[in-house]
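Taken in sequence, the protein lines are chains A and B.
Going by the numbering used here, the first sequence opens with residue 310, and the numbers climb by one from there.
Going by the numbering used here, the second sequence opens with residue 240, and the numbers climb by one from there.
Source of the hints: derived by calculation from the structure; they are not laboratory data.
Just so we're clear, the structure is a prediction, and the values are computed from it rather than from any experiment.
There may be inaccurate statements among the hints.
With a cut-off of at most 27 Å between alpha-carbon atoms, the simulated DSSO-like pairs for lysine-lysine come out as follows [claimed, not checked]:
1. B:Lys262 with B:Lys283
2. B:Lys655 with A:Lys555
3. B:Lys430 with A:Lys555
4. A:Lys555 with B:Lys387
5. B:Lys256 with B:Lys458
6. A:Lys555 with A:Lys575
7. B:Lys283 with A:Lys575
8. B:Lys349 with B:Lys264
9. B:Lys256 with B:Lys283
10. A:Lys555 with B:Lys283
Here are the chains, one letter per residue:
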Amino acid sequence: MRTYVGIDLGSTTTKAVVIDQNCQVLGRGITNSRSNYATAARVAGEEARIDGRLTLFRRALEQNGELGSLFIDFLSVLERSFRLEQYLEQLADLEQTCYGQFRGGQFANLEAQVRSALHEVFARVRAEAAAMFAPGAKRKSDFFRDIAGARFYEHAEAVAKEVSFPYEVLLNFYDKSIIEVENRPPSGGLSDKFRRALGRALAADRIIGKEAARLQSIIEDSLNIELEEDYLVGTGYGRVTLPFSKEHIRSEILCHGLGAHMMYPKTRTVLDIGGQDTKGIQIDDHGIVTNFQMNDRCAAGCGRYLGYIADEMSIGLHELGPMAMKSDRPAKINSTCTVFAGAELRDRLSLGEKREDIVAGLHRAIILRAISIISRAGGVTDEFTFTGGVAKNEAAVRELRLLIRENYGDVTININPDSIYTGALGAAEFARRSYEGGARTEAHA
Amino acid sequence: MNSNAPTAKARVKEVEKDASMQKQKEMMAGHYERLTSAAETGAKVCSTFVPGNLNELIGCFDLLNNLPEVNAIQNGLRRTSGQFVLEAEKIGHSEDVCTYVKSDIGMMAKGNLAPNGKKFPNPDVLLLSYTGCFTFMKWFELLREQFKCETIMLHTPYLADGKITRNMIEYMVKQLRDEVIPKLERVSGVKFDIDRLRERLGKSAQAEEDLVHVLQSAKHTPSPIDAYFGGIYYIGPIFGAFRGTDQAIDYYRFLRAEIDERLAQGKGPVTPEGELGRERYRLVVEGPPNYTNFRQFWKMFYDEGAVVVASSYTKVGGVYDFGFRHDASRPLESLAEYCLGVYTNRSLPMRIDMLTNYLEEYQADGLLINSIKSCNSFSAGQLLMMREVERRTGKPAAFIESDLVDPRYFSAANIKNRLESYFQMIEQRRASVRPAA
Numbered sequence: 310m311r312t313y314v315g316i317d318l319g320s321t322t323t324k325a326v327v328i329d330q331n332c333q334v335l336g337r338g339i340t341n342s343r344s345n346y347a348t349a350a351r352v353a354g355e356e357a358r359i360d361g362r363l364t365l366f367r368r369a370l371e372q373n374g375e376l377g378s379l380f381i382d383f384l385s386v387l388e389r390s391f392r393l394e395q396y397l398e399q400l401a402d403l404e405q406t407c408y409g410q411f412r413g414g415q416f417a418n419l420e421a422q423v424r425s426a427l428h429e430v431f432a433r434v435r436a437e438a439a440a441m442f443a444p445g446a447k448r449k450s451d452f453f454r455d456i457a458g459a460r461f462y463e464h465a466e467a468v469a470k471e472v473s474f475p476y477e478v479l480l481n482f483y484d485k486s487i488i489e490v491e492n493r494p495p496s497g498g499l500s501d502k503f504r505r506a507l508g509r510a511l512a513a514d515r516i517i518g519k520e521a522a523r524l525q526s527i528i529e530d531s532l533n534i535e536l537e538e539d540y541l542v543g544t545g546y547g548r549v550t551l552p553f554s555k556e557h558i559r560s561e562i563l564c565h566g567l568g569a570h571m572m573y574p575k576t577r578t579v580l581d582i583g584g585q586d587t588k589g590i591q592i593d594d595h596g597i598v599t600n601f602q603m604n605d606r607c608a609a610g611c612g613r614y615l616g617y618i619a620d621e622m623s624i625g626l627h628e629l630g631p632m633a634m635k636s637d638r639p640a641k642i643n644s645t646c647t648v649f650a651g652a653e654l655r656d657r658l659s660l661g662e663k664r665e666d667i668v669a670g671l672h673r674a675i676i677l678r679a680i681s682i683i684s685r686a687g688g689v690t691d692e693f694t695f696t697g698g699v700a701k702n703e704a705a706v707r708e709l710r711l712l713i714r715e716n717y718g719d720v721t722i723n724i725n726p727d728s729i730y731t732g733a734l735g736a737a738e739f740a741r742r743s744y745e746g747g748a749r750t751e752a753h754a
Numbered sequence: 240m241n242s243n244a245p246t247a248k249a250r251v252k253e254v255e256k257d258a259s260m261q262k263q264k265e266m267m268a269g270h271y272e273r274l275t276s277a278a279e280t281g282a283k284v285c286s287t288f289v290p291g292n293l294n295e296l297i298g299c300f301d302l303l304n305n306l307p308e309v310n311a312i313q314n315g316l317r318r319t320s321g322q323f324v325l326e327a328e329k330i331g332h333s334e335d336v337c338t339y340v341k342s343d344i345g346m347m348a349k350g351n352l353a354p355n356g357k358k359f360p361n362p363d364v365l366l367l368s369y370t371g372c373f374t375f376m377k378w379f380e381l382l383r384e385q386f387k388c389e390t391i392m393l394h395t396p397y398l399a400d401g402k403i404t405r406n407m408i409e410y411m412v413k414q415l416r417d418e419v420i421p422k423l424e425r426v427s428g429v430k431f432d433i434d435r436l437r438e439r440l441g442k443s444a445q446a447e448e449d450l451v452h453v454l455q456s457a458k459h460t461p462s463p464i465d466a467y468f469g470g471i472y473y474i475g476p477i478f479g480a481f482r483g484t485d486q487a488i489d490y491y492r493f494l495r496a497e498i499d500e501r502l503a504q505g506k507g508p509v510t511p512e513g514e515l516g517r518e519r520y521r522l523v524v525e526g527p528p529n530y531t532n533f534r535q536f537w538k539m540f541y542d543e544g545a546v547v548v549a550s551s552y553t554k555v556g557g558v559y560d561f562g563f564r565h566d567a568s569r570p571l572e573s574l575a576e577y578c579l580g581v582y583t584n585r586s587l588p589m590r591i592d593m594l595t596n597y598l599e600e601y602q603a604d605g606l607l608i609n610s611i612k613s614c615n616s617f618s619a620g621q622l623l624m625m626r627e628v629e630r631r632t633g634k635p636a637a638f639i640e641s642d643l644v645d646p647r648y649f650s651a652a653n654i655k656n657r658l659e660s661y662f663q664m665i666e667q668r669r670a671s672v673r674p675a676a
């Protein structure tokens with residue numbers, strides 16, 4: 310099966326989308342960009358391929374009539390089992406890497422003690438793994454570093470206390486090992502992992518006999534479909550750091566325009582608020598960019614700004630929007646300078662303003678700036694599509710809807726739940742077109 | 240590391256320059272030498288600005304011309320403007336003030352050295368030919384305060400209605416006759432001789448003819464010149480101290496022959512890394528370039544095969560491509576017409592007409608605007624101009640932002656990102672109008 314991959318290397322996260330030859334999305338993957346774009350691209354690509362397999366399973370099940378539809382729910386069990394497989398595999402890698410740190414001889418005199426403490430910590434982390442991937446379990450992040458890190462820290466602290474051993478030594482082992490593990494390609498093929506996950510899922514769902522055999526055969530058939538990666542296009546800020554040749558690189562402005570067009574073909578204006586830039590893009594009825602504007606030298610009012618505010622308030626980025634939604638009197642904030650944001654925040658708090666009002670005001674300020682960028686690009690033409698990480702923030706969306714109505718009247722505003730993948734989707738479509746247009750894949754490393 | 244490996248420095252290729260660039264460099268060096276030895280030679284110095292400069296007239300009084308904004312450009316190219324800008328800010332000039340001004344003020348505060356390392360002479364007279372830039376007036380106010388010398392202002396009426404009227408010319412000729420010339424006579428001690436002026440104006444016209452020929456060579460595909468980055472070298476002598484001299488005639492004759500040769504051989508422009516390969520994009524650029532990262536900025540174009548075929552910036556010291564030439568038979572009137580017609584004195588609709596004309600005449604793919612952070616007189620209205628040019632030509636336009644000589648306002652990643660997006664946008668639009676294969 311022919312597939313085309315688009316990778317959007319953003320300043321905060323790296324996204325990958327795999328599409329098939331009919332422009333249908335097979336899979337999406339996301340990871341944190343770290344400071345290593347090559348790894349981020351690899352991990353995001355792998356995640357998209359995993360998601361792609363799940364799509365193939367779903368398609369296969371759907372084609373299998375009644376029996377198939379009966380098992381659609383089984384897919385989520387399978388996915389969770391797969392994630393658990395993946396997690397356990399990386400956890401084992403992390404543990405071995407930690408032990409490998411003794412080779413340097415630095416902790417030779419403490420080796421027995423440290424080894425036994427680490428062993429205990431990992432045993433505890435492993436023991437709770439299944440529960441973390443149980444139905445309905447919530448994970449704060451999908452990135453291994455975040456999940457494993459949080460669990461390791463907690464158990465290491467407890468174990469260190471129990472055996473009267475310095476906690477920092479254990480952390481040191483973790484810190485030294487996590488980067489290595491993160492940057493290491495996963496061992497073994499995806500298919501084997503899916504097979505193991507399938508076994509685990511069948512057991513969990515107590516599916517046996519003929520039904521189990523039928524399911525196994527359907528999944529096996531889809532695993533046997535070879536996904537040929539025919540062409541890849543990279544976009545986003547990290548694109549130039551990758552070993553892609555020029556034909557495999559597109560500007561994120563073009564990719565966002567095309568991606569938005571694919572999601573909503575009637576789109577004429579696109580607003581993308583990313584980590585470090587805000588783009589206003591006009592496209593025609595083929596998704597071709599006719600005009601664009603973006604913030605200049607200064608990243609004031611971009612996604613990073615919200616991240617910085619969240620850090621200042623010691624809350625999670627995802628908590629900002631809900632907090633702002635509680636406000637009924639947003640503060641008037643003019644400056645969207647990220648550097649001044651902390652001072653502005655503390656100043657207003659000291660004046661007795663409510664946190665939710667200040668945060669609501671900050672959201673309004675960044676949207677005002679975005680509106681100014683859009684107007685420089687020629688204003689809003691129906692339909693309007695909002696993309697990028699900030700499109701997930703309900704308070705930002707509320708302000709945007711208000712300001713669009715005030716300035717441009719009734720305009721259809723599209724916000725896709727997968728809007729963060731817009732750039733990667735456009736890139737994947739560029740990859741498909743390049744391939745169909747005769748370009749071949751030998752140019753990409 | 241292999242000890243036989245060439246050092247990083249040795250690996251850097253020599254910057255390629257064509258013969259005319261070398262010649263231009265020598266002329267500029269000679270000019271700075273004349274200026275910095277004014278004390279020994281007893282020459283008197285007139286500071287004035289590029290737009291609306293009256294070089295032929297200044298020459299009639301044996302005055303040397305010193306152009307503060309050209310000095311700022313030199314400091315930008317030599318990467319010394321950053322420290323001068325900071326120095327001027329230390330003195331009290333705000334962050335938003337024109338960075339030519341701040342580079343100049345900072346340079347004076349830090350020894351006032353010319354590119355040859357010798358001290359600039361103090362001006363004997365400040366001649367402000369006011370052609371649309373309000374900041375120039377304030378700049379000379381500061382210089383007058385510092386040097387306590389004679390100041391002359393020639394007021395050029397703004398072409399708000401898009402045309403030069405008889406009244407305007409009479410008004411300017413009267414100023415020249417009653418104010419400018421008598422004051423220059425007084426400062427220089429030289430009696431005005433109109434025949435000397437006529438002779439110089441005749442020489443100007445000859446050089447102008449060749450300059451226009453060179454700039455219009457970019458109408459060919461591929462263009463033998465880059466009319467923005469290369470164009471800045473080409474306009475140097477005529478916008479600087481050489482208009483109306485034999486040296487300028489020689490230089491432009493030489494340049495014309497060089498460009499004709501390139502044209503005959505079907506060659507593209509010379510970039511600092513050698514001759515441009517395939518011409519992929521033909522652009523019209525509005526606005527000055529960034530000088531602190533000039534090479535890096537240029538590279539973003541030639542690496543992508545982008546050639547600037549026409550630019551408004553190479554018209555700030557005189558618009559010659561629509562027929563105007565200095566005219567020996569109407570000396571003062573001709574100087575007035577020259578000042579009235581310079582790019583900075585043109586209204587927004589006139590600028591739109593010009594850019595539209597360039598896009599069509601030079602068969603360009605689109606318009607690029609480099610908006611200068613600290614130059615309001617250039618930047619005001621640029622977005623509206625862009626929209627109108629887009630509307631009239633149907634060709635795509637793009638907008639980037641930087642500064643003249645303040646390195647703090649050059650964000651390479653941001654500019655490169657926009658330029659690449661723009662080039663790809665042109666490519667995409669080309670593909671969409673191409674009939675399906």
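For each hint, the structure was consulted:
1. With a C-alpha separation of about 26 Å, the suggested pairing of Lys262 (chain B) with Lys283 (chain B) holds against the 27 Å cut-off.
2. Between the alpha carbons of Lys655 (chain B) and Lys555 (chain A) the distance comes to roughly 14 Å, so the proposed pair stays at or under 27 Å and holds.
3. Among the hinted pairs, Lys430 (chain B) with Lys555 (chain A) is inconsistent with the structure: their alpha-carbon atoms are about 65 Å apart, more than 27 Å.
4. Between Lys555 (chain A) and Lys387 (chain B), the direct Cα distance comes to roughly 58 Å. Violation of the 27 Å bound is thereby established for this hinted pair.
5. Only pairs whose Cα atoms come within 27 Å are accepted, and Lys256 (chain B) paired with Lys458 (chain B) is accepted, the gap being roughly 22 Å.
6. Between the alpha carbons of Lys555 (chain A) and Lys575 (chain A) the distance comes to roughly 30 Å, so the proposed pair goes past 27 Å and is violated.
7. The straight-line distance between the Cα atoms of Lys283 (chain B) and Lys575 (chain A) is roughly 68 Å, outside the 27 Å bound, and the hint therefore fails.
8. Straight-line distance between C-alpha atoms of Lys349 (chain B) and Lys264 (chain B) comes to about 25 Å, which keeps the hinted pair within the 27 Å bound.
9. Of the pairs offered as hints, the one joining Lys256 (chain B) and Lys283 (chain B) is violated, with about 34 Å between alpha carbons and a cut-off of 27 Å exceeded.
10. Proposed proximity of Lys555 (chain A) and Lys283 (chain B) is contradicted: the alpha carbons are some 56 Å apart, above 27 Å.
Hint compliance for this structure: hints 3, 4, 6, 7, 9 and 10 are not met, and every other hint is.
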